[in-house]
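Protein sequence lines, in the order shown, are assigned to chains P and B. Under the UniProt record's numbering, residues 1 to 416 are what the first sequence spells out, in order. Under the UniProt record's numbering, residues 1 to 416 are what the second sequence spells out, in order.
Please note: incorrect hints may appear among the correct ones.
Copies of the same chain look alike in the list, so a pair counts if it works inside one copy or between any two.
Below, in silico cross-link-like pairs of lysine to aspartate or glutamate (DMTMM-like), each with a Cα-Cα straight-line distance of 25 Å or less [said to hold, decoys possible]: (1) Lys132 <-> Glu329; (2) Lys74 <-> Asp330; (3) Lys138 <-> Asp298; (4) Lys332 <-> Glu44.
Hint data in this document are derived by calculation from the structure and do not stem from the laboratory.
Number of protein chains: 2
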Amino acid sequence: MDVGDIIRVETDKGIFEGILLPSTDENIITIKMKNGYNVGILKENVKNIEIISKGEKPKYELPPLNIEKNEKFKTISILSTGGTVASKVDYKTGAVHPSFTADDLIRAVPELLDIANIKGRAVMNILSENMKPEYWKKIAEEIKKEIEEGADGIVIAHGTDTMAYTASALSFMVKADVPIILVGAQRSSDRPSSDAALNLISAVLAAREPIKGVYVVMHGESGDTFCYLHKGVKVRKCHSSRRDAFKSINSIPVAKINPFTKEVIYLQDVEKSNGRKVEIDTNLEEKVALIKVYPGMDGEIIRFYVDKGYKGIVLEGTGLGHAPEYIFEDIKYAIDNGVVVVMTTQTINGRVNMNVYSNGRELQKLGVIGCGDMLPEVAYVKLMYLLGNYEPEEVKKLINKNLVGEIEYRSRFDAY
Amino acid sequence: MDVGDIIRVETDKGIFEGILLPSTDENIITIKMKNGYNVGILKENVKNIEIISKGEKPKYELPPLNIEKNEKFKTISILSTGGTVASKVDYKTGAVHPSFTADDLIRAVPELLDIANIKGRAVMNILSENMKPEYWKKIAEEIKKEIEEGADGIVIAHGTDTMAYTASALSFMVKADVPIILVGAQRSSDRPSSDAALNLISAVLAAREPIKGVYVVMHGESGDTFCYLHKGVKVRKCHSSRRDAFKSINSIPVAKINPFTKEVIYLQDVEKSNGRKVEIDTNLEEKVALIKVYPGMDGEIIRFYVDKGYKGIVLEGTGLGHAPEYIFEDIKYAIDNGVVVVMTTQTINGRVNMNVYSNGRELQKLGVIGCGDMLPEVAYVKLMYLLGNYEPEEVKKLINKNLVGEIEYRSRFDAY
Numbered sequence: 001m002d003v004g005d006i007i008r009v010e011t012d013k014g015i016f017e018g019i020l021l022p023s024t025d026e027n028i029i030t031i032k033m034k035n036g037y038n039v040g041i042l043k044e045n046v047k048n049i050e051i052i053s054k055g056e057k058p059k060y061e062l063p064p065l066n067i068e069k070n071e072k073f074k075t076i077s078i079l080s081t082g083g084t085v086a087s088k089v090d091y092k093t094g095a096v097h098p099s100f101t102a103d104d105l106i107r108a109v110p111e112l113l114d115i116a117n118i119k120g121r122a123v124m125n126i127l128s129e130n131m132k133p134e135y136w137k138k139i140a141e142e143i144k145k146e147i148e149e150g151a152d153g154i155v156i157a158h159g160t161d162t163m164a165y166t167a168s169a170l171s172f173m174v175k176a177d178v179p180i181i182l183v184g185a186q187r188s189s190d191r192p193s194s195d196a197a198l199n200l201i202s203a204v205l206a207a208r209e210p211i212k213g214v215y216v217v218m219h220g221e222s223g224d225t226f227c228y229l230h231k232g233v234k235v236r237k238c239h240s241s242r243r244d245a246f247k248s249i250n251s252i253p254v255a256k257i258n259p260f261t262k263e264v265i266y267l268q269d270v271e272k273s274n275g276r277k278v279e280i281d282t283n284l285e286e287k288v289a290l291i292k293v294y295p296g297m298d299g300e301i302i303r304f305y306v307d308k309g310y311k312g313i314v315l316e317g318t319g320l321g322h323a324p325e326y327i328f329e330d331i332k333y334a335i336d337n338g339v340v341v342v343m344t345t346q347t348i349n350g351r352v353n354m355n356v357y358s359n360g361r362e363l364q365k366l367g368v369i370g371c372g373d374m375l376p377e378v379a380y381v382k383l384m385y386l387l388g389n390y391e392p393e394e395v396k397k398l399i400n401k402n403l404v405g406e407i408e409y410r411s412r413f414d415a416y
Numbered sequence: 001m002d003v004g005d006i007i008r009v010e011t012d013k014g015i016f017e018g019i020l021l022p023s024t025d026e027n028i029i030t031i032k033m034k035n036g037y038n039v040g041i042l043k044e045n046v047k048n049i050e051i052i053s054k055g056e057k058p059k060y061e062l063p064p065l066n067i068e069k070n071e072k073f074k075t076i077s078i079l080s081t082g083g084t085v086a087s088k089v090d091y092k093t094g095a096v097h098p099s100f101t102a103d104d105l106i107r108a109v110p111e112l113l114d115i116a117n118i119k120g121r122a123v124m125n126i127l128s129e130n131m132k133p134e135y136w137k138k139i140a141e142e143i144k145k146e147i148e149e150g151a152d153g154i155v156i157a158h159g160t161d162t163m164a165y166t167a168s169a170l171s172f173m174v175k176a177d178v179p180i181i182l183v184g185a186q187r188s189s190d191r192p193s194s195d196a197a198l199n200l201i202s203a204v205l206a207a208r209e210p211i212k213g214v215y216v217v218m219h220g221e222s223g224d225t226f227c228y229l230h231k232g233v234k235v236r237k238c239h240s241s242r243r244d245a246f247k248s249i250n251s252i253p254v255a256k257i258n259p260f261t262k263e264v265i266y267l268q269d270v271e272k273s274n275g276r277k278v279e280i281d282t283n284l285e286e287k288v289a290l291i292k293v294y295p296g297m298d299g300e301i302i303r304f305y306v307d308k309g310y311k312g313i314v315l316e317g318t319g320l321g322h323a324p325e326y327i328f329e330d331i332k333y334a335i336d337n338g339v340v341v342v343m344t345t346q347t348i349n350g351r352v353n354m355n356v357y358s359n360g361r362e363l364q365k366l367g368v369i370g371c372g373d374m375l376p377e378v379a380y381v382k383l384m385y386l387l388g389n390y391e392p393e394e395v396k397k398l399i400n401k402n403l404v405g406e407i408e409y410r411s412r413f414d415a416y
């Protein structure tokens, strides 16, 4: 039985039919079913297995593309970190390949040739659920390299799970005069419903715009109609599976991108690009925790972090920025030990206002700092960035000041 | 200077003018400003203070109301736990009184007399941010008492911060044949924009419907037009300050309530009431933790809980229910020690599906159980309830089965 064969597997739970995929676990048979999903079957549960038809073998390696540079076009570098958007499926074998070059991209989405000169390479290959701060630094460094080597815009292909965290991290770490666009896909490119191609085309369209800053491009609605360009510090994955999972929070998208007409329609003002300078600052204090607050929570968790030498704690409080009074002593312990404690809200939408109720006023008296309308995830990344670069007293002053668009001082009526 | 006087306070930060309120903190002067907000001013920051006009003193206590029972009406018990909706403002002094009786309610919202016989009492008086599991038990007991004493429906006045957690807890703890409606307000009743009266009228309208189960009633949109009746296990506070902060998640509201025409229009099927039986089950295992997953998180936090004797952990994972592979060993440690570990998603909307990507499959192999489309907060409460009543092996079977509407097996297209 070879990878690529169509097989039929009988188990207690039912019969599975599909293309045999390469498996990284010897105890598991992985097959790609007709509906596009992969299913992993424990070998010990297999009652019977048969080959329905042998798969075709690829007869030769694809030759390299030889595409001339179009001098009228901007050069866009697509850096892949892994994830669904960067996967390339071999239709012969059904396997999803992690390999990722400009050629792969252009073969998958030839429309890219009509809008830009495309460079592309993989800088890592991870599922974004495994992302960590040291990878953010690596991505920042690769962005710098690409811009210095001539890229007019950067597209980062990224898994969607933690794409918003990475977008925030890059927003603080990279000061570039060109646009940096993160893009992902909710359905892999071997599925008829894949959003990978339209998202990628829209991301490249965004990357050639005369703007700067870090953004996320994803489907604007569930149909294949348009994409939104979201500010990297104002966006969040708000659905586990829909193609329009990403939403601007406490803000509206920056622009609407039509991948068919190639139009980019701005919905709010945006900083214009003015050259190709790039600086990065990859200092991050990794001893920062994000703690969700809830009824019955154990305040000792705060002491655990303090005693482990943590320097910052982001609370994801309730309502306008509250926490149960039975953890006040623990919060005080953190602050007495020099830990910077800041407050965000688990309502996601809306802003913290710790002046309205006594609970919030008490927390402020303890030294907890409200973070306005900043998302909890963004506050987490920002606190790592600030503590990596400034003394605590300075951090306390900067945490609730807008640095790169992460805080809007006035609430928008059209943002909920 | 007496409470109720209109005073003018000069500080470094500006001049504040308003009605002097009673203060619980001797270092702080609290005044109610014209815009309805209370402001607390540290006495040490006061540069000058003057009385603009003396407040009127109430000349007598209000006499008790003497309202005849209307035999055609149902009897609705309003139990107050505290929070904005239950606050009563003395217009003479500007102070917000925690006192709460049926008479208070009827004086504040006389329209209630036209729709039901109203009973009312305070069962506690706390800000909901200070809610904890033992209070949930107390509320369950008071509900039982009221139903046994003849209530046809129950309204619980509750602060909005943790109202959804309490609604979940009551959904699992109380099996009653009458409706139990939680209601709150986002603006206190002394502000012209208060939503307290309309929400309360709508809650009483819901409480007299021939249905059973636990629900939340709040504004349906920001204007004073209608309220929604949400399933208690499918609702979440999604904005820190808007009046339409509560949204049904992965579901739609159960009904639309028009407090002006008194119409209740059902949007989905609902269990009919069939008597007035009530049973409660207040066993909760409090050693359950809710942990949000994020890039760079410290897996040792899981060991901390395990070593403290925790019995259950709810992970608020990324995407379809993922966690970084660098905490897998810690998760394994928890499961090896008999802790029940379950997975939800921080996208809030959508469902967990741990069969799609290798990360999810690995987590399942470790023994982590996906919770379908159940909200993280609901999974937390449900795990406490299950561990309080069943052996771990049984808990693992029940956690992702629908018990009281908390899990919908099929996704709705109209729910995002």
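Which of the stated hints cannot be reconciled with the structure, identified by number in ascending sequence?
2
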